[in-house]
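Asker: Please build the complex by placing chain B on the supplied structure of chain A, with the hints as guidance.
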Amino acid sequence: MTIESNLNFEYVVSTYYQALFRFGYSLAKNEHEASDLAQQTFFIYAEKGNSVRDLAKVKSWLFTTLYREFLRRRRKNARIDHYEPEMLERAGGSTEPQIGRRIDGNLAIDALEQVDLVYREPLSLFYLNDLSYKEIANILDVPIGTIMSRLSRGKAQLRKIFKQKVIQPTNERF
Amino acid sequence: MDHEDAKNILQLCRPGHIGDHQDPLIAKALEQLDQDTALKTWFEQQQALDAEISAEFSRIQPSAELKASILLGMHARLTQAEWLTDEVADTTDEVDHHIPSPRPTKPSDHPLRLRPWMSIAAILVIAGIILVRPGDDERQSLVSTHAPHSMELKETAIKHAGIPNIIQFLAEQITHLNPSQLDQQSNTIHDLQYHLARTGMPNPDRIPKELKTLPTMGCVSFDYQGTKLSMICFSNGQVYHLITANKATFPKECTPDNNANVFECQQQAFKVWSEGEQVFILSTRGSPKDIPEFI
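Going down the list, the protein sequences come from chains A and B. The opening position of the first sequence corresponds to residue 308 in our numbering, with each subsequent residue numbered one higher. The opening position of the second sequence corresponds to residue 533 in our numbering, with each subsequent residue numbered one higher.
Extracted from the complex, chain A is given alone in its bound form:
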C-alpha cells in the first residue's frame, strides 16, 4: 500500500462518508445499517476503486455502489424471510440495543417515509444537496426525464408533509 493510496483513501472517506451515511440512513431507516452500508461501500472502493481513475467520478461511483448494495441486501433478505424463527434466533444471537436504532425526531426522514416509494430515493439524493439531477439519474439508472418528473411530484408531496410536521406540537412527534 503506497502513501499515495493512503492519502487518497483519507481524502475520499473524509469527503463523502457523511453524505453516504445520510443516504444509507434515508434508505434503511436505521443507524446501524446506514453505517454498515457506508462501510461496505468504501470497502468495495478499496478493492475495486482503482478502476475509477477520474476523481470527479468517484462521488457518483460511491453513491451508485451504496445504492446497489442496499438493493442486493433487500433482495437477499426477501429470499430468507421464510426461514424458521429458531434458526433466525440462533443466527442473530442477542440483539444489541444500538442495532436498528433510529435517529429520533428527524422531520425530513419522517416526512420522507410518508412519500410514495418511487419518489423517496431521488428525493433523498436531492436533499443531500451534493448531487445534481443528472448525477441522481445516473446513480438510480433512470432517464433524466424520469428524474425530473419524480423530483417534481415527490417534492410536492414532501413539502406538504414536511410543513404539516413542522407546525405539529413537539410532543406529538415522539
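Worth double-checking, as some hints may not be accurate.
[Claimed, not checked] Listed next, with one range per pair, are the computed distances between beta-carbon atoms:
1) A:R382 to B:A587: 32 to 38 Å
2) A:R382 to B:P547: 20 to 26 Å
3) B:Q700 to A:E420: 54 to 60 Å
4) A:R375 to B:G548: 28 to 34 Å
5) B:M533 to A:K383: 44 to 50 Å
6) A:N384 to B:K784: 37 to 43 Å
7) B:H549 to A:L447: 18 to 24 Å
8) B:S819 to A:R375: 17 to 23 Å
9) A:R381 to B:E807: 33 to 39 Å
10) B:N778 to A:K336: 35 to 41 Å
11) A:N384 to B:E536: 26 to 32 Å
12) A:R382 to B:E584: 31 to 37 Å
Source of the hints: derived by calculation from the structure; they are not laboratory data. Glycine included, each C-beta is placed from N, C-alpha and C at the ideal position.
Answerer: Okay, now just chain B, sitting in the frame of chain A:
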C-alpha cells in the same frame, strides 16, 4: 417554455448551488423569473423550503467512530488482498515495479514442493550435518537463529512432522484462499453468523471477546473428510481466522482435552481448543507467538 414547464425545471435547482444556475436547462427556466412575478415568488418560497429540508437532512450525523472504522477496514482489506493475490498487480500501472508477494498463490509455488535448487541445498545440508555432526545444543541454535533459507527449510520440515492432517489441510486452504472465494463477505460478525446458520454450517457459540471488536472480512466453509469446518476471517491489519467444527465429528487425534494445542504450518500458526460441543481453531500468519492470548 410556459409557466408550468419552468416550474418543473426549477424544481431541479438546489438552493445555494450556483453551479446549477449554469446548467443550460435550468438557466433557461431562470430567465423566465424576470418576466413572471408569480413564478419568481413561488421559486423563492420553494428554495427557502428546500433549504430547510436539506438542513434537516444534514442533522443526520454518523457516529464519531465511523470514519476511523472505515479507514481501518479499507487498509485491512487492501493489505489482505495484497497478501493473498498477485492478481492485483495485473490491474495496476505499477505492474513492472511490483515486488511479487512472498506468499505462494499457486500449487506449483508451494514451499514444500522441491525444486532443483532446493534439492541441491538439501543434499548440501545433509552432507554438512553428517560431516560436522553437531551436538543437540548446536542443532537447536541453528534452528532458532536467522539461518540461510536451506536451514529454514529444515526447520519447517521438523515442525511438520507432528502436525495433524486436518491442520495441514487448513494451512493449505488458507494459503491459497482468495477474498473473492469467500462464501459470504461482510464486515459484521452478525451477517456471517446469520449466513452460517442459514447454510447449516458450524456456527461458533461464542466468539472470543478480543475478536468481537475486530472488523470481519467474510466466511468460508470446508469439508475435511466428512468434517464440516466453517471459517470466519477477521482483520485489524493482521488477519485472524476462527475455524469452528462440531466436536463429535472432529478427528479424535487433534481434539484437545483441557489445554489448547499449538501448531505451525506453512507460515501459519494454529491454536486448537474445545468448548462445550465445539472445537475452535484460531489461525494467523506467523508463528504461535503471533496468536494473542484470546482464550
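Asker: Now tell me if each hint is right for this structure.
Answerer: Evaluation of the provided hints:
no. : hint                         : result
1   : A:R382 to B:A587: 32 to 38 Å : holds (34 Å)
2   : A:R382 to B:P547: 20 to 26 Å : violated (35 Å)
3   : B:Q700 to A:E420: 54 to 60 Å : holds (55 Å)
4   : A:R375 to B:G548: 28 to 34 Å : holds (29 Å)
5   : B:M533 to A:K383: 44 to 50 Å : holds (45 Å)
6   : A:N384 to B:K784: 37 to 43 Å : holds (41 Å)
7   : B:H549 to A:L447: 18 to 24 Å : holds (19 Å)
8   : B:S819 to A:R375: 17 to 23 Å : violated (42 Å)
9   : A:R381 to B:E807: 33 to 39 Å : holds (36 Å)
10  : B:N778 to A:K336: 35 to 41 Å : holds (38 Å)
11  : A:N384 to B:E536: 26 to 32 Å : violated (41 Å)
12  : A:R382 to B:E584: 31 to 37 Å : holds (35 Å)
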